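Let the hints inform the model, and build the full structure from the sequences given.
In order, the protein sequence lines correspond to chains A and B.
Numbering-wise, my numbering puts 66 at position 66 of the first sequence, and it's gapless, one number per residue.
Numbering-wise, my numbering puts 126 at position 126 of the second sequence, and it's gapless, one number per residue.
It is worth saying that the hints were derived from the structure and are not from the lab.
Keep in mind it's a predicted model, so treat the numbers as computed, not measured.
Taking lysine-lysine pairs in the DSS-like style, the calculated list, with each CA pair at most 25 Å apart, reads: (1) Lys193(B) to Lys311(A); (2) Lys278(A) to Lys299(A); (3) Lys255(A) to Lys35(A); (4) Lys99(A) to Lys154(A); (5) Lys35(A) to Lys135(A); (6) Lys193(B) to Lys299(A).
Chain by chain, the residues run as shown.
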Amino acid sequence: MHCARVILAVLASLMFAVFLSCGSGSGNSNQARTKNSQLIAVTAGPDNNYANGLFTTITVCAPGSSNCQSIPNVLVDTGSFGLRLLASSLGTLGASLPKQSSGSNVVFECGQFVDSVLWGPVVSGDVTLANETAKSVPIEVIDASTVPVPAACKAIGPSEEDVTSLGANGILGVGFFIADCGNACTASSTANPGFYYACAGTSCSVISEPVNQQVQNPVALLPNHNNGVVIQLPAIANSAATLGGSLIVGIGTAKDNSPVSAQVFAPDQFGNMLTTFKSNQYAGFLDTGSNAYFFLDSKTTGIANCSSTEKGFYCPSSPANLSATNTTAQGASSTVHFTVVSASQLFSSGGNAVFPTLGGPNPATFDWGLPFFFGRNVFVAIEGRQTPVGAGPFWAY
Amino acid sequence: MVYLPYPAGLEQHQQRLALFSYSGLSNRSLRATQVQQQKSNSHHGSSDGMWNQSDRYRSRLCVVLLVPALLCIPAFCVLGQDVSSVASDQARMKASVRVVVANSYSVHEMQTPTGTAVRQFVSPAGTVFAVTWQGFSPDLQQLLGEYFEEYVTAASSQPARRGRGVFIDTGDLVVETGGHMRFAVGRAYLRSKVPQGVDADALR
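Following this line, the structure appears as structure tokens:
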């Protein structure tokens, strides 16, 4: 009987561990969640139509107060920097988050993504991630309802202003830069790419924005594990409904985030490494915010583009087994093997949100999107921060 | 600390241009002259003063190459437009330009002050049939011209399953973008305007 009890206890603890590590997901990670980590999961997102969207829940509070809001379905994005949240996700907390000002004007941001712009005021909030709180983090609230998007911002691309267009309640940019724009946005000339505006009423002009007032990667402002993150997702062979994993903060700061067995890939000034495919070199990067392997074009890869509703993805007639090699000027090299299956086929069976073989075209670049992260521990080290394998910025896996 | 994005600075812009000494000038001039000859009997269908003025200026553009202040006509747009619109872009974007002549088209390379590299591909018929960019997101309204609205509409309604980047193919207009924050990469072209034998996928 005693024996049976032990088995039951072991079973119970195993189940608890699985519950902790997988949450709502069907992942097979069986480690208990560590203190410096939090659940992330690949799901269909708040609008129930996202493919390979990596989401998490974060807590935002008015600075120094217990006036807080837990916000689920925030996209975890290693391809951007800083936290952006839809005004609708903040509820009543929104009014309690102090707005950043420039003289008597309110500072707004034109957050520039490659497919859209996100417009709204810059506010300050305490952000809790992986059981640590970053104080007074500059955050962008996505809200075009009070001050319309300026023409120069709209000229970059479509403005996404709600859950339907964004497919998420917000974006948590945990890439290797601390500020979203960096030095370029401190320029008082046309060299300024125009992320930050000062608005008097609805009249807005581009301003020079000091780097430390720009929207910040909250990880860089954590009190302890602030030199980067680890994205940990289990391997998965076939499409599935959900997949759970961990966002671990810190690199080489705890038992769960040692990078010593990983290979380090330092980026160039643009945030890219080199990826070689069929003897040609391209700009390459690792990006959880890209929901497929997005690489090159149909002509170069020999893989057919999809037609109709799957436009923007590849539709090979049979699964394409491919490989490409990531390298850096410092001598790192890693050949990655991957498979692309027809998106039309993948999407035809409903109910799935996890697609390890989803691929699509991307002009002249190699974007290692979310499928790359399945079955890997990927380290993203923040610029200027020390780790046991050198200072950031770098990726390691 | 507040400044307006696009007001002054043409003088500075011209100085920057003057710093460029073009290799392949004769080639480009030759091509430009050919372009002008081919276009000499054809107008854009519009006969208002602005177009006529641009036609007159085109010869200066072709021979002297790039006198941006004279060609700064903001109403001009690019993709699908005449080669003179390159100068309009260049002026509006405060960009410096270099022209490279390829086998079946010429490439006008600009670098905007934000460091974004923009290339405009001009067919032997003198039409901008493609544009590519790399760096901070450029002013796509300027680069895509009359096709910008089509781009925005298509980009806003593309299947929600694609996260990051845009892939639009409306039959004639193709726009592909990718990259990450601080590094936008894109290519736009018009199928109907791509010169015969040119592989649009190879344009970077």
